[in-house]
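Engineer: Below are the chains, spelled out letter by letter.
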Amino acid sequence: MRKFLCTCLLFLLLSVPLDAQELDIFGYFEPQFNLIYLDDNYYQLQSNKLRVDLKSNLGENLEFGANFDWIVYHGKREWNYWNFIPERVTSRYSSARMWRYRFTFDDRSFLDNAYLRFSFPSFDLMVGKQQISLGTGYAWNPTDIFNVKDLSDPTYEQPGHNAIRVDWPLRAGFSLLALYSPESDWESSGKLLRLKGRWQHFDFSITGTETEWGVTDYEYPFVNLFTSHKRRLLGGDFAGELLGLGVWGETAYNFVGDFEDFWELLIGGDYTFDSELYLMLEFYHHSLAKSDYRDYGLNDWLRFFYQEQKSLTRDQVYCLIQYPLTDLLKIGGSTLLSLSDGSIALVPTVLYSFHENIEFTLIGNINIGKEGKAYGSSQGHSLLLRSLVYF
Amino acid sequence: MKLKAFTPLIFSAGLFCAGSAGAQTNPITADTIIQRVTRVMNPAQSKGKMKMTITTTSKKTRTFVYLAYAKNHGEKTLMKYLEPSRVKGQAILMLNNADDIWVYFPRTRRVRKLATHAKKQKMEGSDFSYEDMGAGDAFIDEFESRLLGEEKKQGKLCYELELTRKPKSTSGYSKLVMWVDKESFVPLVIDYYHDDDSTLLEKELVCGNIEIIDDIPTPMQVVMYNKLDRTQTSMELVEVSYKVDLEDDLFTERGMKK
Numbered sequence: 001m002r003k004f005l006c007t008c009l010l011f012l013l014l015s016v017p018l019d020a021q022e023l024d025i026f027g028y029f030e031p032q033f034n035l036i037y038l039d040d041n042y043y044q045l046q047s048n049k050l051r052v053d054l055k056s057n058l059g060e061n062l063e064f065g066a067n068f069d070w071i072v073y074h075g076k077r078e079w080n081y082w083n084f085i086p087e088r089v090t091s092r093y094s095s096a097r098m099w100r101y102r103f104t105f106d107d108r109s110f111l112d113n114a115y116l117r118f119s120f121p122s123f124d125l126m127v128g129k130q131q132i133s134l135g136t137g138y139a140w141n142p143t144d145i146f147n148v149k150d151l152s153d154p155t156y157e158q159p160g161h162n163a164i165r166v167d168w169p170l171r172a173g174f175s176l177l178a179l180y181s182p183e184s185d186w187e188s189s190g191k192l193l194r195l196k197g198r199w200q201h202f203d204f205s206i207t208g209t210e211t212e213w214g215v216t217d218y219e220y221p222f223v224n225l226f227t228s229h230k231r232r233l234l235g236g237d238f239a240g241e242l243l244g245l246g247v248w249g250e251t252a253y254n255f256v257g258d259f260e261d262f263w264e265l266l267i268g269g270d271y272t273f274d275s276e277l278y279l280m281l282e283f284y285h286h287s288l289a290k291s292d293y294r295d296y297g298l299n300d301w302l303r304f305f306y307q308e309q310k311s312l313t314r315d316q317v318y319c320l321i322q323y324p325l326t327d328l329l330k331i332g333g334s335t336l337l338s339l340s341d342g343s344i345a346l347v348p349t350v351l352y353s354f355h356e357n358i359e360f361t362l363i364g365n366i367n368i369g370k371e372g373k374a375y376g377s378s379q380g381h382s383l384l385l386r387s388l389v390y391f
Numbered sequence: 001m002k003l004k005a006f007t008p009l010i011f012s013a014g015l016f017c018a019g020s021a022g023a024q025t026n027p028i029t030a031d032t033i034i035q036r037v038t039r040v041m042n043p044a045q046s047k048g049k050m051k052m053t054i055t056t057t058s059k060k061t062r063t064f065v066y067l068a069y070a071k072n073h074g075e076k077t078l079m080k081y082l083e084p085s086r087v088k089g090q091a092i093l094m095l096n097n098a099d100d101i102w103v104y105f106p107r108t109r110r111v112r113k114l115a116t117h118a119k120k121q122k123m124e125g126s127d128f129s130y131e132d133m134g135a136g137d138a139f140i141d142e143f144e145s146r147l148l149g150e151e152k153k154q155g156k157l158c159y160e161l162e163l164t165r166k167p168k169s170t171s172g173y174s175k176l177v178m179w180v181d182k183e184s185f186v187p188l189v190i191d192y193y194h195d196d197d198s199t200l201l202e203k204e205l206v207c208g209n210i211e212i213i214d215d216i217p218t219p220m221q222v223v224m225y226n227k228l229d230r231t232q233t234s235m236e237l238v239e240v241s242y243k244v245d246l247e248d249d250l251f252t253e254r255g256m257k258k
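If you read the sequences in order, they're chains G and D. The working numbering numbers the first residue of the first sequence as 1 and each following residue consecutively. The working numbering numbers the first residue of the second sequence as 1 and each following residue consecutively.
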């Protein structure tokens, strides 16, 4: 399928007269410095990322877009999730299995997105590797089975997914999205249908998705046992305004063949005060996650770390505060509070606009919960300094 | 909820109003003036390229270039950023006279709907808030107007009007004072008074360099002075056309992403 898409893309690029192609090249360079405090030790991890975007209108109704990423890492590149799991859990197992949970920040260069978009009078067709963004939630998106957000930086770009997507604008502000994300066969491929509409000042949508969900048994002897399950999701979301507050919500019920069904719920609201202080609050429930931290097992921790499951703890709250201290300096932070186990993570942030195309960001991550809890001390603390240079 | 402030997105003055004040036999009322201001501020359709320069408190400048489209006398507006690279591709769609606002972020391909309160936020750190950029008939719906007299501004004889916020209005300004050119009905200066203190001048907007574009007198430069923060933002109209036929499809989520 990939070869077929690449061939189509190349053919289309070459078939259009050169004078019709105005290739726009832009992107950014993102050096990061990460300081991590774990088990009474300090570690350093740096990365340098270069992203180059290409965009061209090949004709009046045909657009080509792509981006290539190069990321190189320095410092402590080898880690083990075992070291982030509370001793209360790891002590139940032999440390000989530690090797199974190692991970390395390997240098990477990859084609993140490469797509063609055909705009027909009544619909748009997008083919290739593309970002798929679903749902109205800020920190979590129950209706999005393609991405899992980083809670310390939820607005960071998500990776591209190989897909064929059709957007049909319907009457009276309604639209229909159909998406097919091909895998090795039809059964294991992702399929999505989404109807979006508007009622008064509210946007809403209903989503149905079918895909394969990979779940790993990390407690299995000798090896991590990977199993795949058919997952059907039925969900919906909305965004609008109520009593002067911005409000949004998202819910999804997941039917998982031979595994446990589960559902997720997200409710959020925000407000900007006259002083320009911005406040956001989100509540998230994941029925598959545990409500008692003493029940968090090895599988729960590792499925959360490997992003197989969006949450370790059942009920939690995300709170975001932002304030423009000056016209170039924005301070704030977010708080993650597990209502299930009472643990808290603080994520202070500072954003400085150094130049029109240069930004500096400082993101802290301080876990102040008790050992063994979702945002407990076993997670360590970190400080990330990121600069972004756009070109 | 209607928006409360001035519309510099694509600001124009219809020739159909020129000279009409002089033809009045009865004294013109404040309501008539403000209706004409509203009409001349919102041409039927427009397409333009704007350059916005922000001068910060530390005297640093930030320059943004964007395309702006408007239809149905400003009931629908769309802005698409071209520069700088940091915001390239970002788009803001306002429908129903900016009662509904969506922002598109190309880096994440996400569209976010903004609630009314978010309109108080500065747009890209400028001295214009989202609500300042909205269009429509806010001067009529949100304010009671009163004619104070006549005064010269920029060498032109102007009507001096006071607009006081109506009791149920959600405008972020308690009062506006506006000097409207008697010939073109272009508001040459608008003073914006603080939400909580009608004696505290918060911002001042000055229109200048008026040129005739497609038979419509158009201020080619608009400057918003923030009197409290001591910052300013200027908007320069690089290109503009009023003789356009914009499709409704442009003012949709699909149109934002193109």
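Careful: at least some of the hints might be erroneous.
Using 25 Å as the maximum straight-line C-alpha spacing, the simulated DSS-like pairs for lysine-lysine come out as follows [to be verified]: (1) Lys330(G) <-> Lys59(D); (2) Lys243(D) <-> Lys330(G); (3) Lys330(G) <-> Lys182(D); (4) Lys55(G) <-> Lys59(D); (5) Lys182(D) <-> Lys51(D); (6) Lys196(G) <-> Lys257(D); (7) Lys51(D) <-> Lys243(D); (8) Lys370(G) <-> Lys330(G); (9) Lys257(D) <-> Lys129(G); (10) Lys55(G) <-> Lys182(D); (11) Lys122(D) <-> Lys55(G); (12) Lys129(G) <-> Lys76(G); (13) Lys88(D) <-> Lys49(G); (14) Lys330(G) <-> Lys51(D); (15) Lys47(D) <-> Lys330(G); (16) Lys153(D) <-> Lys55(G); (17) Lys230(G) <-> Lys49(G); (18) Lys330(G) <-> Lys153(D); (19) Lys153(D) <-> Lys182(D); (20) Lys88(D) <-> Lys122(D); (21) Lys55(G) <-> Lys51(D); (22) Lys153(D) <-> Lys149(G); (23) Lys191(G) <-> Lys257(D); (24) Lys227(D) <-> Lys60(D); (25) Lys196(G) <-> Lys60(D); (26) Lys129(G) <-> Lys258(D); (27) Lys196(G) <-> Lys80(D); (28) Lys88(D) <-> Lys55(G); (29) Lys227(D) <-> Lys55(G); (30) Lys330(G) <-> Lys49(D); (31) Lys88(D) <-> Lys129(G); (32) Lys149(G) <-> Lys88(D).
Interface residues of chain G toward chain D, partial, derived using beta-carbon atoms under 7 Å [unchecked claim]: (33) Asp39; (34) Asp40; (35) Tyr43; (36) Gln46; (37) Asn48; (38) Val52; (39) Glu183; (40) Gly197.
Don't read these hints as lab results, they were simulated from the structure. Just so it is clear, CB atoms sit at the ideal spot from N, CA and C, and this is done for glycine as well.
Engineer: Quickly compare the C-alpha distance for Lys51(D) and Lys243(D) to 25 Å and report which way the hint goes.
Structural biologist: holds, 21 Å
Engineer: Against the 25 Å threshold, does the CA-CA distance of Lys227(D) and Lys60(D) hold or violate the hint?
Structural biologist: Cα-Cα ~17 Å, so holds.
Engineer: Against chain D, with CB atoms and a cut of 7 Å, does the hint on Asp40(G) hold up?
Structural biologist: violated, 37 Å
Engineer: Does Lys257(D) lie within 25 Å of Lys196(G) when you go C-alpha to C-alpha?
Structural biologist: holds, 16 Å
Engineer: Run the distance test for Lys149(G) versus Lys88(D): straight-line Cα separation, threshold 25 Å.
Structural biologist: Distance ~23 Å between Lys149(G) and Lys88(D) Cα, so the pair holds.
Engineer: Are the Cα positions of Lys330(G) and Lys51(D) separated by 25 Å at most?
Structural biologist: OK: Lys330(G) and Lys51(D) at ~24 Å, within 25 Å.
Engineer: Hinted pair, alpha-carbon criterion (25 Å max): Lys55(G), Lys51(D). Please report holds or violated.
Structural biologist: Holds, at roughly 23 Å.
Engineer: Quickly compare the C-alpha distance for Lys191(G) and Lys257(D) to 25 Å and report which way the hint goes.
Structural biologist: Satisfied, since the Cα-Cα distance of roughly 22 Å is no more than 25 Å.
Engineer: Could you grab the alpha-carbon distance between Lys88(D) and Lys55(G) and see if it respects the 25 Å cut-off?
Structural biologist: holds, 12 Å
Engineer: Holds or violated: are the alpha carbons of Lys243(D) and Lys330(G) at most 25 Å from each other?
Structural biologist: Not satisfied, since the Cα-Cα distance of roughly 41 Å exceeds 25 Å.
Engineer: Compare the distance between the alpha carbons of Lys370(G) and Lys330(G) with 25 Å, and conclude whether the hinted pair is satisfied.
Structural biologist: Outside the cut-off at roughly 31 Å; violated.
Engineer: Against the 25 Å threshold, does the CA-CA distance of Lys88(D) and Lys122(D) hold or violate the hint?
Structural biologist: holds, 18 Å
Hint compliance for this structure: hints 2, 3, 4, 5, 8, 10, 11, 12, 15, 16, 17, 18, 22, 25, 29, 30, 33, 34, 35, 36, 37, 38, 39, 40 are not met, and every other hint is.
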